[in-house]
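S.K.: If you want the building blocks of each chain, they are given just below.
2 protein chains.
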Amino acid sequence: MNFVQVLNKKKQGLELTTEEINYFATEYAKGTIPDYQASALLMAICIKGLNEREILDLTQAYVSTGDKYMLENVKGYKVDKHSTGGVGDKTSLVYGPICASYGLKVCKMSGRGLAQTGGTIDKLETFPGMTTELSDKAFQDVINKTNMSIIQQTSNIVLADKKIYALRDVTGTVDSIGLITASIMSKKLVLNNDGLVIDCKVGKGAFMKDLKEAKELSNYMIKIGKMAGRDIAIMLTNMNTPLGKAIGNAIEVKEAYDTLLGNGPDDLNELCATAAAISLVQGGIFKDFKTAEKDVLTKLKNGDFVKPFKEFVEAQGGDFSVIENYDKNFTTKNKIEIKADKDGFIEYIDANEMGLLAMELGAGRKTKEDTLDLAAGIYLEKQTGDAVKKGDVLFTLYSNKVIDYKSEISDKLFTINKTKPNSKIILDILQ
Amino acid sequence: MNFVQVLNKKKQGLELTTEEINYFATEYAKGTIPDYQASALLMAICIKGLNEREILDLTQAYVSTGDKYMLENVKGYKVDKHSTGGVGDKTSLVYGPICASYGLKVCKMSGRGLAQTGGTIDKLETFPGMTTELSDKAFQDVINKTNMSIIQQTSNIVLADKKIYALRDVTGTVDSIGLITASIMSKKLVLNNDGLVIDCKVGKGAFMKDLKEAKELSNYMIKIGKMAGRDIAIMLTNMNTPLGKAIGNAIEVKEAYDTLLGNGPDDLNELCATAAAISLVQGGIFKDFKTAEKDVLTKLKNGDFVKPFKEFVEAQGGDFSVIENYDKNFTTKNKIEIKADKDGFIEYIDANEMGLLAMELGAGRKTKEDTLDLAAGIYLEKQTGDAVKKGDVLFTLYSNKVIDYKSEISDKLFTINKTKPNSKIILDILQ
Numbered sequence: 001m002n003f004v005q006v007l008n009k010k011k012q013g014l015e016l017t018t019e020e021i022n023y024f025a026t027e028y029a030k031g032t033i034p035d036y037q038a039s040a041l042l043m044a045i046c047i048k049g050l051n052e053r054e055i056l057d058l059t060q061a062y063v064s065t066g067d068k069y070m071l072e073n074v075k076g077y078k079v080d081k082h083s084t085g086g087v088g089d090k091t092s093l094v095y096g097p098i099c100a101s102y103g104l105k106v107c108k109m110s111g112r113g114l115a116q117t118g119g120t121i122d123k124l125e126t127f128p129g130m131t132t133e134l135s136d137k138a139f140q141d142v143i144n145k146t147n148m149s150i151i152q153q154t155s156n157i158v159l160a161d162k163k164i165y166a167l168r169d170v171t172g173t174v175d176s177i178g179l180i181t182a183s184i185m186s187k188k189l190v191l192n193n194d195g196l197v198i199d200c201k202v203g204k205g206a207f208m209k210d211l212k213e214a215k216e217l218s219n220y221m222i223k224i225g226k227m228a229g230r231d232i233a234i235m236l237t238n239m240n241t242p243l244g245k246a247i248g249n250a251i252e253v254k255e256a257y258d259t260l261l262g263n264g265p266d267d268l269n270e271l272c273a274t275a276a277a278i279s280l281v282q283g284g285i286f287k288d289f290k291t292a293e294k295d296v297l298t299k300l301k302n303g304d305f306v307k308p309f310k311e312f313v314e315a316q317g318g319d320f321s322v323i324e325n326y327d328k329n330f331t332t333k334n335k336i337e338i339k340a341d342k343d344g345f346i347e348y349i350d351a352n353e354m355g356l357l358a359m360e361l362g363a364g365r366k367t368k369e370d371t372l373d374l375a376a377g378i379y380l381e382k383q384t385g386d387a388v389k390k391g392d393v394l395f396t397l398y399s400n401k402v403i404d405y406k407s408e409i410s411d412k413l414f415t416i417n418k419t420k421p422n423s424k425i426i427l428d429i430l431q
Numbered sequence: 001m002n003f004v005q006v007l008n009k010k011k012q013g014l015e016l017t018t019e020e021i022n023y024f025a026t027e028y029a030k031g032t033i034p035d036y037q038a039s040a041l042l043m044a045i046c047i048k049g050l051n052e053r054e055i056l057d058l059t060q061a062y063v064s065t066g067d068k069y070m071l072e073n074v075k076g077y078k079v080d081k082h083s084t085g086g087v088g089d090k091t092s093l094v095y096g097p098i099c100a101s102y103g104l105k106v107c108k109m110s111g112r113g114l115a116q117t118g119g120t121i122d123k124l125e126t127f128p129g130m131t132t133e134l135s136d137k138a139f140q141d142v143i144n145k146t147n148m149s150i151i152q153q154t155s156n157i158v159l160a161d162k163k164i165y166a167l168r169d170v171t172g173t174v175d176s177i178g179l180i181t182a183s184i185m186s187k188k189l190v191l192n193n194d195g196l197v198i199d200c201k202v203g204k205g206a207f208m209k210d211l212k213e214a215k216e217l218s219n220y221m222i223k224i225g226k227m228a229g230r231d232i233a234i235m236l237t238n239m240n241t242p243l244g245k246a247i248g249n250a251i252e253v254k255e256a257y258d259t260l261l262g263n264g265p266d267d268l269n270e271l272c273a274t275a276a277a278i279s280l281v282q283g284g285i286f287k288d289f290k291t292a293e294k295d296v297l298t299k300l301k302n303g304d305f306v307k308p309f310k311e312f313v314e315a316q317g318g319d320f321s322v323i324e325n326y327d328k329n330f331t332t333k334n335k336i337e338i339k340a341d342k343d344g345f346i347e348y349i350d351a352n353e354m355g356l357l358a359m360e361l362g363a364g365r366k367t368k369e370d371t372l373d374l375a376a377g378i379y380l381e382k383q384t385g386d387a388v389k390k391g392d393v394l395f396t397l398y399s400n401k402v403i404d405y406k407s408e409i410s411d412k413l414f415t416i417n418k419t420k421p422n423s424k425i426i427l428d429i430l431q
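As given, the protein sequences belong to chains A and B, one line each in that order. Read in order, the letters of the first sequence are residues 1 to 431 in our numbering. Read in order, the letters of the second sequence are residues 1 to 431 in our numbering.
Just to be clear, a hint being listed does not mean it is correct.
You can't tell identical chains apart in this list, so a pair holds if it fits in one copy or across any two.
[Claimed, not checked] DSSO-like cross-link-like pairs, simulated, lysine-lysine; straight-line CA separation at most 30 Å:
#1 Lys209 x Lys9
#2 Lys9 x Lys204
#3 Lys9 x Lys48
#4 Lys48 x Lys215
#5 Lys30 x Lys382
#6 Lys401 x Lys162
#7 Lys366 x Lys162
#8 Lys333 x Lys368
#9 Lys215 x Lys294
#10 Lys390 x Lys307
#11 Lys406 x Lys209
#12 Lys294 x Lys382
#13 Lys163 x Lys9
No wet-lab data here; the hints were simulated from the structure. All of these numbers come straight from a predicted model, not from anything done at the bench.
Here chain A stands alone, though its shape is the one from the complex (with noise of 0.2 Å):
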């Protein structure tokens, strides 16, 4: 193929053809198309667009060029939610748990943190013995014996995408709504599930900051979900502010330990329960959302789906005791407490210099080579939308090492406020 006809034909506004994409995706993988080559066909796509059709091929391309789960001996409806990233976001471990328990399969590939941003594969390795790196077969099995397995992403997945997705950070050619949605919906393709909830971010602690951005996304995302015969649905939640009450590691499981046993926050789970609603829904479990959604939110208040996250865990060899246990195995050598300084109510907590904070304090990474400190984190006290006393602790830092907290950080922490702010978690549900 003359790869520079392709550059030539995007150029002009021509849509290209699938051999043309693969082409693309695979040879720049392998390294045969130059960087400069390939950054050409990035801006003019940038400039150009990729109809829905080109899209879904590059998302293919994509998905072509690394490991594939096929889950072929696992009997029953898939299911996998993916959130798009944000500050104190614990939803896999407590959705799991939910769809296991109604029979449902969940099958599930996660990442680590990195900055902000926290990672299911490191809040998992709170329980000791815990391992994430399973064998095709050994997911397959540990799914069909718990209806639930996570497992990491190998560093063989959708190889194209990486390199692209290298390029694009260095060429300007980051924003094309294409290019998002084929980089975003490979990772979900790359396992054979047959419903999928993306739970997309929106605010200040999230990629999208932006709600009509979001949707636009968001519709893009299920056209090519659909287009590659999953049941897709995508939620749209609020991350301006974090999720729940808990941020950090061991923190984090057990907030959603807490949650499965009853005790959970009020927008983990309403976030929970929704997105484990649309998967019964999906996976016929429920003929409706709503009567689907009652039931979750009962049973999850009843403390009923703490024990398919136990199995879960002790399937891939957690110590799953040591959560049983939080206080006596996650101390840390230093805690603060920060208080209000007036009466009113919490307006707005920062999430994006929230995770910042608990990056600090240990909790994450500021570059992958950093190691955690699982006990690292920190606990709001009180949620946006709460009402303060002068006095009152808002929140606590946990951390080995030494806190260095200035107060003058709490201005972009948090605002305190006469009047209650209106504050929702979901808001909106695409389908």
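Assemble chain B onto chain A, guided by the hints.
M.R.: Only chain B this time, still in chain A's reference frame:
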């Protein structure tokens, strides 16, 4: 400077600043900007375009990345004529002596030929001892002595353009009017001349195949030339068919010499007189074009301009006598006459095919490394529009190689038809 921001600006169709354009050209020439960023910008430029200010900045930035010739010791009005490249184009060797004869200073830098297109420097090497590698000082000394000098393009001019030109070729970013204009004009602006005539060849033997496109490009070149302080005019001339009757090196020098003696073919006389008359009006020697052209044509027919040609060649060390005794000095081992197979008019001689044939005979280079046979070439006994009878010699091939001429090739080279075609050399003059 954050170059990714520059990429993002052009991607959005925004105007780049002078500083941003300078940064791109100079840093890419140095190698600080990688190919993959440069190609992304070139693609954005191809799609979003450059305005006139940006083209001027890019042109001047190209010039700044290599040697410049300020001609500070040359007194008088300095002129230059450039051709965009054609077949049989010996115009400079006639134009130069005409202008020099009227007291203009002809300061010219030329290149070598490649593929079907000849180069003035190759042609000048017909004269034994002729050097076209002159220092800046020697160049100006020759001009001050004989009113004319032609030197060869050094490898150290417009370095950014050279590197970008190569990158455009492999990234589908050739067809940008802004990039083409900057590339052509930068090479012209390396010499600090006052007046500039560009002979933009149009037709099958030229880079520009189409008159409309050639006019569009010319209008940009004129604007950039004027913005850079030049008196500039562009002649659009016919390159469907070769210029004059001779194609080769020594054989073209001979035709130029004959033309200066008053015995040139009509098309070459007209083209050279037009170019010279434009320069003479630019330089204030004549008030209007018609008077200038008439004066030039009269003197050309009288052979008044041959003396400055000889003086220029001898000032650069060339032995002019070889061309005065052409038949003794430039014989070839082999010679073939191609004859008409029917009566009629020469409807068309294909400039491109003739150039390629001359190359095969040894008059041109397939690759930069090939050596030339100065005596090889083609003489057109008949030109486009001439009446011929069956058996008339149409053209003669000269070569020191065995000439492998197959009669089938004739169909590509020329056609004979019953009616006399219209053919004119000057298609338009823009200024």
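S.K.: With identical chains treated as interchangeable, where does the CA-CA distance between Lys333 and Lys368 reach 30 Å or less: within a copy, between copies, both, or neither?
M.R.: within (25 Å within a copy, 74 Å between copies)
S.K.: Please sort Lys48 with Lys215 into within, between, both or neither, judging by C-alpha distance up to 30 Å.
M.R.: both (21 Å within a copy, 28 Å between copies)
S.K.: Which holds for Lys401 with Lys162 at a C-alpha limit of 30 Å: within a copy, between copies, both or neither?
M.R.: Cα proximity of Lys401 and Lys162: none, with 34 Å in one copy and 56 Å across.
S.K.: With identical chains, the pair Lys406 and Lys209 could be close in the same copy or across copies; at 30 Å between alpha carbons, which is it: within, between, both, or neither?
M.R.: within (28 Å within a copy, 71 Å between copies)
S.K.: Treating 30 Å as the Cα threshold, decide for Lys209 and Lys9: within, between, both or neither.
M.R.: between (33 Å within a copy, 21 Å between copies)
S.K.: Is it within, between, both, or neither for Lys30 and Lys382, if the alpha carbons may be no more than 30 Å apart?
M.R.: neither (51 Å within a copy, 56 Å between copies)
S.K.: How do Lys9 and Lys204 come out at 30 Å by Cα distance, when the copy is not named: within, between, both, or neither?
M.R.: For Lys9 and Lys204, the Cα distance is within 30 Å only across copies (24 Å; inside one copy 38 Å).
S.K.: Is it within, between, both, or neither for Lys366 and Lys162, if the alpha carbons may be no more than 30 Å apart?
M.R.: So Lys366 and Lys162 pass the 30 Å test inside one copy only (20 Å; across, 42 Å).
S.K.: Reference check for the pair Lys390 and Lys307, CA-CA at most 30 Å: within, between, both, or neither?
M.R.: For Lys390 and Lys307, the Cα distance exceeds 30 Å both inside one copy (41 Å) and across copies (102 Å).
S.K.: Within, between, both or neither: how does the pair Lys9, Lys48 come out at a Cα-Cα threshold of 30 Å?
M.R.: both (10 Å within a copy, 15 Å between copies)
S.K.: Classify it for me, Lys294 with Lys382: is the Cα-Cα distance of at most 30 Å met within a copy, between copies, both or neither?
M.R.: So Lys294 and Lys382 pass the 30 Å test inside one copy only (26 Å; across, 95 Å).
S.K.: Given a CA cutoff of 30 Å, do Lys215 and Lys294 count as a within-copy pair, a between-copy pair, both, or neither?
M.R.: within (26 Å within a copy, 73 Å between copies)
Violated hints, listed in ascending order, are 5, 6 and 10; each of the other numbered hints is respected by the structure.
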